[in-house]
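Asker: Sequences listed follow chains A and B, in order.
Each residue of the first sequence is one higher than the last, beginning at 2 in our numbering.
Each residue of the second sequence is one higher than the last, beginning at 2 in our numbering.
Source of the hints: derived by calculation from the structure; they are not laboratory data.
Any given hint might turn out to be false.
As the list makes no split between identical chains, a pair holds if one copy fits it or if it spans any two.
Straight-line alpha carbon distances no greater than 30 Å define the calculated DSSO-like cross-link-like pairs of lysine-lysine that follow [to be verified]: (1) K80 <-> K34; (2) K14 <-> K36; (3) K83 <-> K10.
Being a predicted model, the structure only gives us computed values, none of them experimental.
There are 2 protein chains.
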Amino acid sequence: MIINRNEMKREDKEKMRGGEGVTSFTYLADCEKEKNIRLLAEITLPPGSSIGHHRHDSETEYYIILSGSGSVNDDGVDKPIKAGDLVITGNGASHSIVNTGNVPLVFHAVIVTY
Amino acid sequence: MIINRNEMKREDKEKMRGGEGVTSFTYLADCEKEKNIRLLAEITLPPGSSIGHHRHDSETEYYIILSGSGSVNDDGVDKPIKAGDLVITGNGASHSIVNTGNVPLVFHAVIVTY
């Protein structure tokens, strides 16, 4: 099955997980129809926007950074991230992400469940 | 955990799955350490290169097209793909992909197992 970009559902969320500003989602797939995956999305955080700290149990989230730069709190430790990097958060670990740069921070988010 | 781009393993495969030319992999994660996911990679096909037709059982592969354009044989039907599109292949379906354009075709490949 092929899903064209213009068929994908988009959604903006304010102050996601207690973060700042707007988080824009483009849902690449309707994961209710898929197995062992509950999110496959392109996410955009404008400069200064963030997704607040949250935990992943019985699942792992992968952030694949596409463009821009920012900072991830990786289970308690702040680390810089930039295009090309991967963030892995699962098995009870927590993370948050903030765009600390001057251009949009864009990444793919994949949540695999188990 | 954060994996920086320069830590990621790269590999070139010739005539992958019976296709043409070179398929270049950047492995974003070592999936042997992950659950319910056996591939998380950025793949590049130069113009004219392809991955031959193959089937996915007990797993689903997602191609998230990042740049370039090409054609996917989606379980027997040829369809054009371009940046922003998603290809979903699982539950015994088959696919192949060829770069029919003049620039590299780059995509994320995610294989979720079940």
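Asker: Which hints from the list above does the structure break, by number from lowest to highest?
Answerer: Going through the list in order, the structure violates no hint and respects every one.
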